[in-house]
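Generate the whole structure from the sequences, applying the supplied hints.
Residues per chain, in single letters:
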Amino acid sequence: MRIALCQIDTILGDVKKNLAKINHYTDKAVYENCDLVIFPELALTGYSLRDLTDSVALTTEDELFGEFKTKSREIDIALGYVENCNGYFFNSGAYFSNGEIIHNHRKKFLPDYGMFEEGRYFAGGRSIEAFNTKFGRTAMFICEDSFHISSQNDAFKQGVNFLIILSASPFWMDHKGIKPQLWKSLCSNFSQFSSSYSIFVNRTGFEDGVGFFGGSFVMGPYGSIIKEAELFKEELLIVDFDESLIEKAKIMMPILKNEDIEIC
Amino acid sequence: MLTDKLKIDCGVVSRYLIEFVKQEILKTGLKKAVIGLSGGIDSSLVAYIAKEALGKENVYGILMPYKTSSKNSLEDAMRVVDDTKINAKVFEITEAADSYIKKFDDMSNVRKGNIFARLRMITLFDHSSLYGALVVGTSNKTELLLGYGTWYGDMASCLNPIGDLYKNQIYQLAAYFGVPKSIINKKPSADLWVGQSDEEELGFSYDDADIILYHMYDLRYSADEVIKLGFEKELVYGIAERVRRNQFKRLPPIIAKISRRTINVDFRYLRDWGL
Chain A
1 MRIALCQIDT
11 ILGDVKKNLA
21 KINHYTDKAV
31 YENCDLVIFP
41 ELALTGYSLR
51 DLTDSVALTT
61 EDELFGEFKT
71 KSREIDIALG
81 YVENCNGYFF
91 NSGAYFSNGE
101 IIHNHRKKFL
111 PDYGMFEEGR
121 YFAGGRSIEA
131 FNTKFGRTAM
141 FICEDSFHIS
151 SQNDAFKQGV
161 NFLIILSASP
171 FWMDHKGIKP
181 QLWKSLCSNF
191 SQFSSSYSIF
201 VNRTGFEDGV
211 GFFGGSFVMG
221 PYGSIIKEAE
231 LFKEELLIVD
241 FDESLIEKAK
251 IMMPILKNED
261 IEIC
Chain B
1 MLTDKLKIDC
11 GVVSRYLIEF
21 VKQEILKTGL
31 KKAVIGLSGG
41 IDSSLVAYIA
51 KEALGKENVY
61 GILMPYKTSS
71 KNSLEDAMRV
81 VDDTKINAKV
91 FEITEAADSY
101 IKKFDDMSNV
111 RKGNIFARLR
121 MITLFDHSSL
131 YGALVVGTSN
141 KTELLLGYGT
151 WYGDMASCLN
161 PIGDLYKNQI
171 YQLAAYFGVP
181 KSIINKKPSA
191 DLWVGQSDEE
201 ELGFSYDDAD
211 IILYHMYDLR
221 YSADEVIKLG
231 FEKELVYGIA
241 ERVRRNQFKR
251 LPPIIAKISR
261 RTINVDFRYL
271 RDWGL
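As given, the protein sequences belong to chains A and B, one line each in that order.
Just so we're aligned, residue 1 is where the first sequence starts under our numbering, counting upward by one.
Just so we're aligned, residue 1 is where the second sequence starts under our numbering, counting upward by one.
Hints were generated in silico from the structure; no laboratory data involved.
A hint or two may mislead.
[Claimed, not checked] Straight line, CA to CA, 27 Å or less: simulated DSSO-like cross-link-like pairs of lysine-lysine:
| hint | chain 1 | residue 1 | chain 2 | residue 2 |
| --- | --- | --- | --- | --- |
| 1 | B | Lys-31 | A | Lys-17 |
| 2 | B | Lys-186 | B | Lys-5 |
| 3 | B | Lys-7 | A | Lys-176 |
| 4 | A | Lys-176 | B | Lys-228 |
| 5 | A | Lys-176 | A | Lys-233 |
| 6 | B | Lys-102 | B | Lys-67 |
| 7 | B | Lys-7 | B | Lys-187 |
| 8 | B | Lys-7 | A | Lys-233 |
| 9 | B | Lys-187 | B | Lys-71 |
| 10 | A | Lys-233 | B | Lys-31 |
| 11 | B | Lys-27 | A | Lys-28 |
| 12 | A | Lys-134 | A | Lys-69 |
| 13 | B | Lys-89 | B | Lys-181 |
| 14 | B | Lys-31 | A | Lys-21 |
| 15 | A | Lys-176 | B | Lys-5 |
| 16 | A | Lys-17 | B | Lys-27 |
| 17 | A | Lys-69 | A | Lys-16 |
| 18 | A | Lys-69 | A | Lys-17 |
| 19 | A | Lys-17 | B | Lys-32 |
| 20 | B | Lys-22 | A | Lys-179 |
| 21 | B | Lys-187 | B | Lys-249 |
| 22 | A | Lys-21 | B | Lys-32 |
| 23 | B | Lys-27 | A | Lys-21 |
| 24 | B | Lys-27 | A | Lys-16 |
| 25 | B | Lys-67 | B | Lys-103 |
| 26 | A | Lys-16 | B | Lys-31 |
| 27 | A | Lys-16 | A | Lys-28 |
| 28 | A | Lys-17 | A | Lys-71 |
| 29 | B | Lys-7 | A | Lys-184 |
| 30 | B | Lys-89 | B | Lys-56 |
| 31 | A | Lys-179 | B | Lys-5 |
| 32 | A | Lys-179 | B | Lys-7 |
[Stated by the list, open to error] Which residues of chain B face chain A? A partial, calculated answer using Cβ under 8 Å:
| hint | residue |
| --- | --- |
| 33 | Lys-7 |
| 34 | Tyr-16 |
| 35 | Phe-20 |
| 36 | Asp-218 |
[Said to hold, decoys possible] Now the in silico label distances, taken between C-beta atoms and shown as ranges:
| hint | chain 1 | residue 1 | chain 2 | residue 2 | range |
| --- | --- | --- | --- | --- | --- |
| 37 | B | Asp-224 | A | Pro-254 | 48 to 54 Å |
| 38 | B | Asp-266 | A | Met-115 | 16 to 22 Å |
| 39 | B | Ile-254 | A | Val-30 | 49 to 55 Å |
| 40 | B | Trp-193 | A | Asp-51 | 44 to 50 Å |
The model shown is predicted, which means the values in this text are computed figures rather than measured ones.
From the three backbone atoms N, C-alpha and C, an ideal C-beta is built for every residue, glycine too.
Here it is as structure tokens:
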């Protein structure tokens, strides 16, 4: 199994140009024989949309998605966009496979503190739902979802083998460290306790001085980094997965087994 | 040491700032930068960052002395030009400043200082038009918070790579970029009048200000908690008051709201709209 992590920059509010870039990288991933290509949160639109939110929103039936649906016969595609549902807007992630959207995740936790304004413009999703891909049990988070123990718990209890995180995480640092480290420790914990791969795809580029740091990575089921991309630069990171590690990690640390739930 | 909290990872921060200057200029369709070079540490550092971001041929350092400006300032600015090999131009503001100043019988140093800063702003923005470049700002976080700058003067720019770095952190980065020692070692001065010293004029040291500001605004300490770190009450409250009083300088002018969509109130778009 081979996955392409596309940590791209986007043009704020220009769906057409962002679409062209996404298509370009998707074709590249197909050429590289990848099984899945992942793009960041709001990859079609840019992040700090403010009053542009409604003008870039799409329904899941939008004909613009037709192209992805067609391409998804060759390669699975996950990407972030603004979803319009009856005049309300969601920060969503669509997963395309076999010619259709097999899963649409609406970001559940919308940050509205510090520099964040998502709670002002978006409606929140209601749940974290695992779904089956050709690779196994998968869940999709969008950025802030990851910081909530309840999301991790939902994904864990649904027995995911792959956690895909679409992200637009801004850079900051203080005397205790830099932001990218926070993501690594978070995903390392989740991967270890759930014996799963965590795939963090974070965008790059700046929006009015706010820099998205990239640094996308794949965390293996033992909780260590398999491969990671550069900070601050657009990159297509191709990672080959050893799926057998998931079972080995489960045998070593079968945490889910002792939960009081139906695990299989 | 309290200043340890101001330590930055210069490797990561420099890469970040180089990308900031490069991307935030290129996305506008331009590729050049204009920087007012004073010979001080802030503008020198910005010149090094811009050179890495855009290439020396795309960076214009403008030296804008007034007749009383220190010769050392000009020499230090030229050291930066020689070292970075960026384009340079000396554009004296003496004639323009004096023809304005002489219309008044008497003028305070502060008024004159503001006139110099604003004439330099005019010069920089005019050259940005001449070269098809953007003006890269050189105000650091300490002076922005303290309001120690001229509104629409040295505070004016199109983008500012160092506005979120305290003075102490500017020194760390300057050393990292290899800014000439004579610039790093001299006393900071706006050089708006003979013998001016930032720290004498402010009445406190930059290190003290940085520590107080970092704790109050980055770490959200209360003034009383900062005093407990070992600072005089007057100093802490004085700095907090400066920050409050100068908030207007950090914002565009306020607009009387009349419509349902008022610019920057509920007409909300980034500069990078469509970029």
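Out of the numbered hints, which ones does the structure contradict? none
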